[in-house]
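K.L.:
The primary structure of each chain is shown beneath.
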Amino acid sequence: MADENWKPKIIAIICNWCSYAGADLAGGARIQYPPDIRAIRVMCTGRIDPLFILKAFQDGADGVLVSGCHFGDCHYLEGNFKAAKRMFLLKSVLKNIGLDDKRLRMTFVSASEGAKWGMVMEDVIKTINELGPSPLKEFAR
Amino acid sequence: MAEVKKNEEPRIGVFVCHCGTNIAGSIDVKAVMEYARTLPNVAIADDYQYMCSTPGQNKIAEAIAEQKLTGVVVAACSPRLHEPTFRNATKAGGLNPFRFEMANIREQNSWVHMHQPEEATAKAKDAVRIAVAKASLLEDLVPKSVPVEKAAMVVGGGVGGMQAALDLANAGIKTYLVEKSPTIGGRMSQLDKTFPTLDCSQCILTPKMVDVYRNEGIELLTYTEVEQVEGYIGNFDVTLRKKARGVITPAEAEARGIVGGGCTGCGDCVDVCPVIKPNPFELGMAPRKAIYIYHPQVSPLIYTVDFDACVKCGLCVEACGEKKAVDLEMKDELMTVKVGTVVLATGYDIFPIEKKFEWGYKNYDNVITSLEFERLICASGPTGGHLVRPSDGETPKKIAFVLCAGSRDSTGVGKPYCSRFCCMYSLKHAHQIIEKIPGAIPYIFYMDIRSFGKMYEEFYYRIQNEGAKFIRGRVANILEDPVTKNLHVNAEDTLLGRPIDMEVDMVVLAAAIQPTAETEKTRRLFGVSCSQDGWLLEAHPKLNPCGTTTAGVYLAGVCQGPKDIPDTVAQAEGAASAASIPIHRGEVELEPYFAQCMEEKCAGCGLCVNQCPYGALSLVEKDGRTVMQVTEAKCKGCGTCGGFCPGGAIWMQHFATPQIVAQIDAFLLGGEQ
Ligand SMILES: Cc1cc2nc3c(=O)[nH]c(=O)nc-3n(C[C@H](O)[C@H](O)[C@H](O)COP(=O)(O)OP(=O)(O)OC[C@H]3O[C@@H](n4cnc5c(N)ncnc54)[C@H](O)[C@@H]3O)c2cc1C
Ligand code: SF4
Ligand code: SF4
Ligand code: FES
Numbered sequence: 000m001a002d003e004n005w006k007p008k009i010i011a012i013i014c015n016w017c018s019y020a021g022a023d024l025a026g027g028a029r030i031q032y033p034p035d036i037r038a039i040r041v042m043c044t045g046r047i048d049p050l051f052i053l054k055a056f057q058d059g060a061d062g063v064l065v066s067g068c069h070f071g072d073c074h075y076l077e078g079n080f081k082a083a084k085r086m087f088l089l090k091s092v093l094k095n096i097g098l099d100d101k102r103l104r105m106t107f108v109s110a111s112e113g114a115k116w117g118m119v120m121e122d123v124i125k126t127i128n129e130l131g132p133s134p135l136k137e138f139a140r
Numbered sequence: 000m001a002e003v004k005k006n007e008e009p010r011i012g013v014f015v016c017h018c019g020t021n022i023a024g025s026i027d028v029k030a031v032m033e034y035a036r037t038l039p040n041v042a043i044a045d046d047y048q049y050m051c052s053t054p055g056q057n058k059i060a061e062a063i064a065e066q067k068l069t070g071v072v073v074a075a076c077s078p079r080l081h082e083p084t085f086r087n088a089t090k091a092g093g094l095n096p097f098r099f100e101m102a103n104i105r106e107q108n109s110w111v112h113m114h115q116p117e118e119a120t121a122k123a124k125d126a127v128r129i130a131v132a133k134a135s136l137l138e139d140l141v142p143k144s145v146p147v148e149k150a151a152m153v154v155g156g157g158v159g160g161m162q163a164a165l166d167l168a169n170a171g172i173k174t175y176l177v178e179k180s181p182t183i184g185g186r187m188s189q190l191d192k193t194f195p196t197l198d199c200s201q202c203i204l205t206p207k208m209v210d211v212y213r214n215e216g217i218e219l220l221t222y223t224e225v226e227q228v229e230g231y232i233g234n235f236d237v238t239l240r241k242k243a244r245g246v247i248t249p250a251e252a253e254a255r256g257i258v259g260g261g262c263t264g265c266g267d268c269v270d271v272c273p274v275i276k277p278n279p280f281e282l283g284m285a286p287r288k289a290i291y292i293y294h295p296q297v298s299p300l301i302y303t304v305d306f307d308a309c310v311k312c313g314l315c316v317e318a319c320g321e322k323k324a325v326d327l328e329m330k331d332e333l334m335t336v337k338v339g340t341v342v343l344a345t346g347y348d349i350f351p352i353e354k355k356f357e358w359g360y361k362n363y364d365n366v367i368t369s370l371e372f373e374r375l376i377c378a379s380g381p382t383g384g385h386l387v388r389p390s391d392g393e394t395p396k397k398i399a400f401v402l403c404a405g406s407r408d409s410t411g412v413g414k415p416y417c418s419r420f421c422c423m424y425s426l427k428h429a430h431q432i433i434e435k436i437p438g439a440i441p442y443i444f445y446m447d448i449r450s451f452g453k454m455y456e457e458f459y460y461r462i463q464n465e466g467a468k469f470i471r472g473r474v475a476n477i478l479e480d481p482v483t484k485n486l487h488v489n490a491e492d493t494l495l496g497r498p499i500d501m502e503v504d505m506v507v508l509a510a511a512i513q514p515t516a517e518t519e520k521t522r523r524l525f526g527v528s529c530s531q532d533g534w535l536l537e538a539h540p541k542l543n544p545c546g547t548t549t550a551g552v553y554l555a556g557v558c559q560g561p562k563d564i565p566d567t568v569a570q571a572e573g574a575a576s577a578a579s580i581p582i583h584r585g586e587v588e589l590e591p592y593f594a595q596c597m598e599e600k601c602a603g604c605g606l607c608v609n610q611c612p613y614g615a616l617s618l619v620e621k622d623g624r625t626v627m628q629v630t631e632a633k634c635k636g637c638g639t640c641g642g643f644c645p646g647g648a649i650w651m652q653h654f655a656t657p658q659i660v661a662q663i664d665a666f667l668l669g670g671e672q
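First to last, the protein sequences are chains A and B.
Taking numbering that gives the first Met the number 0, the leading residue of the first sequence gets 0, the next gets one more, and so forth.
Taking numbering that gives the first Met the number 0, the leading residue of the second sequence gets 0, the next gets one more, and so forth.
Hint data in this document are derived by calculation from the structure and do not stem from the laboratory.
Fair warning: this is a prediction, and the values are worked out from it, not measured in the lab.
Do not rely on the hints blindly, as some may be mistaken.
Claimed, not checked - Cross-link-like lysine-lysine pairs, in silico, DSS-like; alpha carbons within 25 Å at most:
(1) B:Lys600 / A:Lys54
(2) B:Lys414 / A:Lys115
(3) B:Lys520 / A:Lys115
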């Protein structure tokens, strides 16, 4: 399993109003970051059903990033609070099934924080690289 | 009711854009296109130089007709830029516009992985596969049209807010102009002259203030603040706090049954008031009573009681007599108004330049700010327009101007940005002292002179010719001579390459500006983002400089970023025009990302009801059982309920669970393992 060509598969589920806009801004500013993350856009992190994340891990994801607006900045007032709560609970579930909870990460990146988005990308990828392939990978269909 | 499963074979068209070399420079577009052809459900794949161009859009429409497509994917820039464009193209081809999905391979790929073409191409393939998976499950949606209230609100009554309110009202729209201070006018009323024409600021401002006051379409609400905002474009319910002013207008007097009463602006009350406090309009350089008008040209001309200072002696009540205008027991009032659109024009504050302690502001008497200079040089100011040294009342002859004071400053104490009008007003100040004080010489310490506007560079030459001296160099520190109170300005003349220690009579700091203290509160009320430096964030810096990411909320003036009066007024006119469009159309289309209850799955547990921040969900009895019901008019489509329902009974239109799961599966299970 520990093969040298392993590249992490990381999925990011990010909100339209802040983090997606921040990621676009990083592009406009040509901030360079490693390419191992694929993003899915939802309107708000509140949309994220914990089951989506479990599904991603079941499918063999090495890491999942959830990124939304800063607290108080959610376009829908409080979706990110609700999401943060869910992610917190989910982390304990992950530990129970034997996954390092660092594989799930929630960050807050605003529409003006392009540089921060780049740093988040670097950091998440670094963390997952250190953790190596997900132990669930071999069970993925 | 949403269909959970469609009985059609998905036929997806994929179009990959080169965007000139923006995408093609780091992504192998042909390879991505060829890859798309191998994906399940893909009926046709094509690529083109510029998909957003007319020929590009035509390709989409033609393919829909020829290939009987059920969905369209464009891999190009960000959906935040061109999703509307391609939705229209999809519609033009005869497909429902919501049958479109975009793969972002520019902002989030080619531009951020410029030197990794292989990885970027692989990532683009994944993005296309993910988008095709979603597009295969998209359904027809109809945007919801809602009526727009034929009224607008402008928050902030500076020159920007006044212009926006006038334009809106003159376009036939009832406009509420909300100003937190007792008068409209903003910073411009504190200025003496305005560059580069040197018009007297009050002379050009006062007629506008009168226009605003007299305009029948404007309901002027001074001394009023926004308390709460509910609703969305077309239907904002704004709760306002009318702060207790302690004085009633003639109209309010009439309402109270006081015949011929109310404030006439005579000022009899001021003479008797025993309380003396610093006058904030004069930046503390003159006294003010506890009952006051902000400055002589206020509009409306009504006195205000400063309840923080008032000792409730009642002398003003007596002096006012039969007019019974003073009411020392007055309380704040709340009122709610309904408006369709909002313009924010809340202006700016001056950066507290004493934080740059090396220049001694507030320690040395003769170091003043440029705004204080405006008041001191103004004929209606505290010294009647005679520029004098605060230490001894003498007329200064040698005056140093420190530009970029706290601006373009990356030390962490100041502001990294350019405040944009300090160069120009300092040139104006230099002109004013040369004109007013015979023999006086202005010394301007600058980094660069930024005279970018129409007739600005010409103004710069004029001031040079008038005899102002320019020294290119940042002022390191200023030291006061304790006896004479003269100041030693220490700088490096970077043109001559030598240090300078110049003794001057007075120093004027062109202090940076910053967002107001309440900006954070205001922007959260209206759901507007801010830039890294705290200014309100426009929807797009080039293509939508007046809009925000909250539909129906627009920006005017310095609250969006430093700008001078001409630019403020121009943006205000733009914002007013943008704010009038939905109102004139009479209705707006909301994206139909509503929640729907799949009743057959709903257990009626009601857990979702509290998840909704807008109270859109409720439980109802239907066919003998309890199920959840969505009030579409209240639902904003965040999906928070849909992320929570334990039974998966909530269908989020356009972001439905099967659609998102399909995206996850497509990425993780669909590619080369
Ligand atoms: C020393 C100095 C000299 C200058 N000289 C010139 C010049 O010569 N020529 C030139 O073109 N420009 C000049 N300027 C710039 C000029 O002041 C601005 O361009 C202009 O005032 C911007 O107008 P505004 O309406 O955006 O903001 P402001 O004038 O700041 O008005 C904002 C208004 O909104 C109100 N407000 C704020 N927050 C709220 C809230 N939450 N609710 C309700 N109301 C609120 C404020 O009370 C204020 O009335 C100068 C600036 C300075 C500091
Ligand atoms: S949470 Fe789900 S099951 Fe419970 S009432 Fe809401 S929609 Fe129905
Ligand atoms: S999608 Fe958001 S706004 Fe709509 S009902 Fe659900 S929680 Fe409320
Ligand atoms: S909109 Fe960004 S987290 Fe809710």
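K.L.:
Each hint: holds or not?
P.N.:
Taking the hints in turn, this is what the structure says about them:
1. B:Lys600 / A:Lys54: OK: Lys600 (chain B) and Lys54 (chain A) at ~20 Å, within 25 Å.
2. B:Lys414 / A:Lys115: The given pair, whose Cα atoms are some 19 Å apart, holds under the 25 Å limit.
3. B:Lys520 / A:Lys115: Satisfied, since the Cα-Cα distance of roughly 24 Å is no more than 25 Å.
In the structure shown, no violation is registered for any of the earlier numbered hints.
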